[in-house]
Amino acid sequence: MTAETQQMIEHITRLIRKPGVAIDENTPLVSSGLIDSMALVDLLMKLQDVTQLRISPGKVQPKDMDTVALMFATAQRVGKPKR
Amino acid sequence: MIATEFRTLLDALNAAPAQREFVTSWVDEDDCETVTFGEFRRRARRQAVLLRNHGVSQGDRVVILMPQGTAAMTVFVGAMLLGAVPAILAYPNFKVEPAKYRSGLAGVTANLSARLVIVDEQFPDELLGHVTFGEAKLVRAADSADDGDNLALGDVGAEPNDLAFLQHSAGTTGLQKGVALTHAAVLRQLQSLIQVLHIDGSADRVYSWLPLYHDMGLIACFMLPLVSHMPVVMQSPLDWVMRPESMLQLISEYRCTLAWLPNFTFQFVPRRTPRENWERYDLSSARALINCSEPVRAASMEEFYQSFGGNGLRREALQSSYAMAENVFAVTQSGINGKRAPAHIWADGQRFRSEHIVVEVGAGTAGALSFLSSGQLLPGNEVRIVSDRDAILNGGEVGEILIKSDCLFQGYYNRSDLTAQALVDGWYYSGDLGFVLGDELYVVGRKKDLLIIGGENIYPQDIEEIAASHPAIHDGRAVALGLYNSDLGTEEIVLVAEVERHELLHNPAAIENELRSHIVAGSGVAVKTIFLKPPKWIVKSTAGKPARSTTREKLLREHPELQAGSAAS
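For the record, the sequence lines run as chains A and B. If you read the first sequence in the numbering used here, its first letter stands for residue 1, the second for the next number, and so on. If you read the second sequence in the numbering used here, its first letter stands for residue 1001, the second for the next number, and so on.
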């Protein structure tokens, strides 16, 4: 697991604030109801910080954000270098 | 320019100066396009020909599922050029729950008996999979090589009383409610707005992040500019929410004068914009930033003013309005008829809650509630406040707001059942609670405990139904409530549910997790907090249904920590 992935997982764990819920790269987040839509916006912003990429939300689809692994794949696919 | 000089919206568009800027679609600093009225007309004609080639003709319903921007807008006008009736529905974003989206889409399309569903090239296939559109044909939007200037369209001869388009009221169960509007009704509404806001298309410019499938986005930020020949700078809701500061940037750079915004924006923007960036922006061009929520909250407006008053923002630029799709758009607007700002009053909290009346007290009195007016009636609009028994109430008495106007809708498309409930003797039963003092209308909340979360309307019944279907939850014993979070400027959803048997409370986490995922899958809504309670905890009404307000009071008594962030309602 990369440091970036670890950073993202820690961020999500803090966001969920549910003791005893452990998440990894492949834990479904949205489809399981663990995080809500406002939190997804926060996650996309965090993803931009962690990857140092600009990610236009218009290019991101629901399936692209369901797990941490998918988030990083999405950032690589549609991200542009930060200005 | 008088909007009522035009017989139809198309006549109004045709009269616009060709070289004047119309729509600026802003994604980010490297992705931004401005089209003039002339270019917009050309593209709309091109889209009309494409739609005609797909068999669209006069009176056909056309469902548009395209991202916010010029392409969706030109398809919309293109359909109107054929005399067809377009409806823009929510474009899916990464937050959407696929199953819910598909079922909503299928329901609306079937209800409209749409001829065509038009999506963009990038529309995700998985959101269309297995959706049955009835008779409708699904097409991907494509540009045509034809020159829009030379296309023979023929004159469909739209008449003022022909349907111009359908706008859908927001919400989950509300998805079925398509509000059918004629050219004449829309023009009458826009004429009133142009008059009271003194709109000058050659000097004003609108800023918008509001979605085009919502009345604020469609009417105030698309139809109003189209008819008053006024430029508009728009970004998508998601692009804005990712960078709330971009609102300040665009108003500054484009010298925007008008914007319509939901209440939470007035808190969200200052809180999400780093303080060191504030001085970059100049908001002196703003004539009216109009808070269009029900209710409008004085604290949110004040926070915005305190944050950006030093950036040229004038206090009288902060205005309010009460608006809904069923009335095309606005019923009231503040700062008109010689007044400068929305009236702000304080009322005795105890008497408000128990007697449903407003007794004014001094500003800041302990236990007092603050109300900000939504403004005064637009020309051609009347309101009446009625009790639960339909008795007409006096000034200062709180009841349901009824509306009658010269631009009121005729009914929900294909839903005579819903129409009959909402329209009685020419009065529209808004479902909103409010009161009138002097000539100002104050809106205090939703009659049916509609939850407004981050600007979205959430119907608690939808959540309760899903919760109660869980085997561990006693049937019919779940109550969803909205508790106002003053930090976020919006409500959050709290669910209270009774378990079937006491012993189920030994392992609440598993039930809570299942409830959460069922609710998000079934309604797209994430519940903030779930309280599992023993059998018979929820207070029932005499009819045997959960009594929402009494249950709410009981919950707040048992969990006073919830009250800290919650306003009286």
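Hints were generated in silico from the structure; no laboratory data involved. Ideal Cβ placement from N, Cα and C applies to all residues, glycine included. Be aware that a few hints might be false.
[Unchecked claim] Each computed EDC-like pair below joins lysine to aspartate or glutamate, with the alpha-carbon atoms no more than 16 Å apart:
1. B:Lys1536 to B:Glu1514
2. A:Lys59 to B:Glu1121
3. A:Lys63 to B:Asp1031
4. B:Lys1100 to B:Glu1126
5. B:Lys1339 to B:Glu1316
6. A:Lys80 to B:Asp1031
7. B:Lys1447 to B:Glu1397
8. A:Lys82 to B:Glu1126
9. A:Lys63 to B:Glu1126
10. A:Lys80 to B:Asp1348
[Unchecked claim] Covered stretches of chain B, as calculated for chain A (at least 3 residues, CB under 8 Å):
11. 1026-1037
12. 1234-1246
13. 1375-1383
Results of checking the hints against the structure:
no.: 1; hint: B:Lys1536 to B:Glu1514; in the structure: violated (22 Å)
no.: 2; hint: A:Lys59 to B:Glu1121; in the structure: holds (12 Å)
no.: 3; hint: A:Lys63 to B:Asp1031; in the structure: violated (25 Å)
no.: 4; hint: B:Lys1100 to B:Glu1126; in the structure: holds (12 Å)
no.: 5; hint: B:Lys1339 to B:Glu1316; in the structure: holds (10 Å)
no.: 6; hint: A:Lys80 to B:Asp1031; in the structure: holds (12 Å)
no.: 7; hint: B:Lys1447 to B:Glu1397; in the structure: holds (15 Å)
no.: 8; hint: A:Lys82 to B:Glu1126; in the structure: violated (31 Å)
no.: 9; hint: A:Lys63 to B:Glu1126; in the structure: holds (9 Å)
no.: 10; hint: A:Lys80 to B:Asp1348; in the structure: violated (55 Å)
no.: 11; hint: 1026-1037; in the structure: holds (count 4)
no.: 12; hint: 1234-1246; in the structure: holds (count 5)
no.: 13; hint: 1375-1383; in the structure: violated (count 0)
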